[in-house]
Amino acid sequence: MSGLREYIFKIVILGDGKVGKTSLVLQYTEHKFNENYIMSIGANFAIKMVHVKDNTIIRLQLWDLAGQQHFQFVRPSFYRGAFASIFVFDLTRRDSFNSIRKWKEECDQYVPGIPLVLVGNKSDLNDERVVSRREGQALSLEIGSDYYYETSAKTADNIEKLFLDITDTLIEKHITNRNSKS
62 MSGLREYIFK IVILGDGKVG KTSLVLQYTE HKFNENYIMS IGANFAIKMV
112 HVKDNTIIRL QLWDLAGQQH FQFVRPSFYR GAFASIFVFD LTRRDSFNSI
162 RKWKEECDQY VPGIPLVLVG NKSDLNDERV VSRREGQALS LEIGSDYYYE
212 TSAKTADNIE KLFLDITDTL IEKHITNRNS KS
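Numbering (my numbering), first residue to last: 62 to 243.
Check before you lean on any hint, since a few could be wrong.
Cross-link-like lysine-lysine pairs, in silico, DSSO-like; alpha carbons within 27 Å at most [to be verified]: (1) 234 to 165; (2) 222 to 79; (3) 114 to 222; (4) 234 to 163; (5) 79 to 234; (6) 114 to 234; (7) 109 to 93; (8) 222 to 109; (9) 163 to 79; (10) 215 to 165; (11) 109 to 165; (12) 234 to 222; (13) 165 to 79; (14) 215 to 109; (15) 93 to 222; (16) 234 to 109; (17) 222 to 165.
Label-pair restraints from in silico Cβ distances [unchecked claim]: (18) 235 to 79: 31 to 37 Å; (19) 189 to 69: 34 to 40 Å; (20) 95 to 195: 27 to 33 Å; (21) 112 to 202: 28 to 34 Å; (22) 117 to 191: 40 to 46 Å; (23) 96 to 156: 37 to 43 Å; (24) 141 to 91: 24 to 30 Å; (25) 216 to 69: 26 to 32 Å; (26) 107 to 159: 26 to 32 Å; (27) 155 to 113: 35 to 41 Å; (28) 191 to 91: 26 to 32 Å; (29) 166 to 191: 18 to 24 Å.
Please keep in mind that the hints were generated in silico from the structure rather than gathered at the bench. Cβ coordinates follow ideal geometry from the N, Cα and C atoms, glycine included.
Work out the full structure, taking the sequences as your base and the hints as a guide.
See the structure below:
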């Protein structure tokens, strides 16, 4: 039997304040949802261990970066070493959707070329929705996103799928390809 292999992948989660970045991470890592808004100061950090085939463990380091403008000067240090990025906007707030290009530009400045995923959050608030699925898909193509998801941190809709697909992408890019070259 071969030994256990372990890989660590850092993922930065970006977007304006109050779009649900912290709630996405909390739902994924602890299966919880907090109705009260908690502003991230600098960055929040969480780890999720994912067991995959062949005695392999993936540790996802999830860095939830503060979205408020006044934290822009501390964010650059948190990008270092990121393997992927998740851009989150609120389906009920067009301003957060319009900010995604700015977030993509900032991310490209510090970690260009990493896989990225676009997420429209708060899909449970369908009656308040102002951004259509078609608009989300179009922006996803425009920014070169690997995937587009509409999620609800409140109901957990599409949360597991989101992180499973990111993990699969990272395994394919950094483990499978490396092993096939040896």
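Evaluation of the provided hints:
1. 234 to 165: holds, 20 Å
2. 222 to 79: The given pair, whose Cα atoms are some 22 Å apart, holds under the 27 Å limit.
3. 114 to 222: Judged against 27 Å, a Cα distance of about 17 Å means the pair holds.
4. 234 to 163: holds, 26 Å
5. 79 to 234: Since the Cα atoms of residue 79 and residue 234 sit roughly 32 Å apart, the hinted pair is violated (cutoff 27 Å).
6. 114 to 234: This hinted pair holds, its Cα atoms lying about 16 Å apart.
7. 109 to 93: holds, 14 Å
8. 222 to 109: holds, 14 Å
9. 163 to 79: The given pair, whose Cα atoms are some 16 Å apart, holds under the 27 Å limit.
10. 215 to 165: OK: residue 215 and residue 165 at ~25 Å, within 27 Å.
11. 109 to 165: holds, 24 Å
12. 234 to 222: holds, 18 Å
13. 165 to 79: holds, 18 Å
14. 215 to 109: holds, 19 Å
15. 93 to 222: Given that 27 Å is the threshold and the Cα spacing comes to 17 Å, the pair holds.
16. 234 to 109: holds, 19 Å
17. 222 to 165: holds, 22 Å
18. 235 to 79: 31 to 37 Å: At 33 Å between Cβs, range holds.
19. 189 to 69: 34 to 40 Å: holds, 38 Å
20. 95 to 195: 27 to 33 Å: Check passed, 31 Å falls within 27 to 33 Å.
21. 112 to 202: 28 to 34 Å: holds, 33 Å
22. 117 to 191: 40 to 46 Å: holds, 42 Å
23. 96 to 156: 37 to 43 Å: violated, 22 Å
24. 141 to 91: 24 to 30 Å: holds, 26 Å
25. 216 to 69: 26 to 32 Å: For residue 216 and residue 69 the Cβ distance comes to about 30 Å; the hint holds.
26. 107 to 159: 26 to 32 Å: holds, 28 Å
27. 155 to 113: 35 to 41 Å: holds, 38 Å
28. 191 to 91: 26 to 32 Å: Given about 30 Å between the Cβ atoms, the range holds.
29. 166 to 191: 18 to 24 Å: Given a distance of about 23 Å, which is inside 18 to 24 Å, the answer is holds.
Hints 5, 23 from the list above are not met by this structure, while the remaining hints are.
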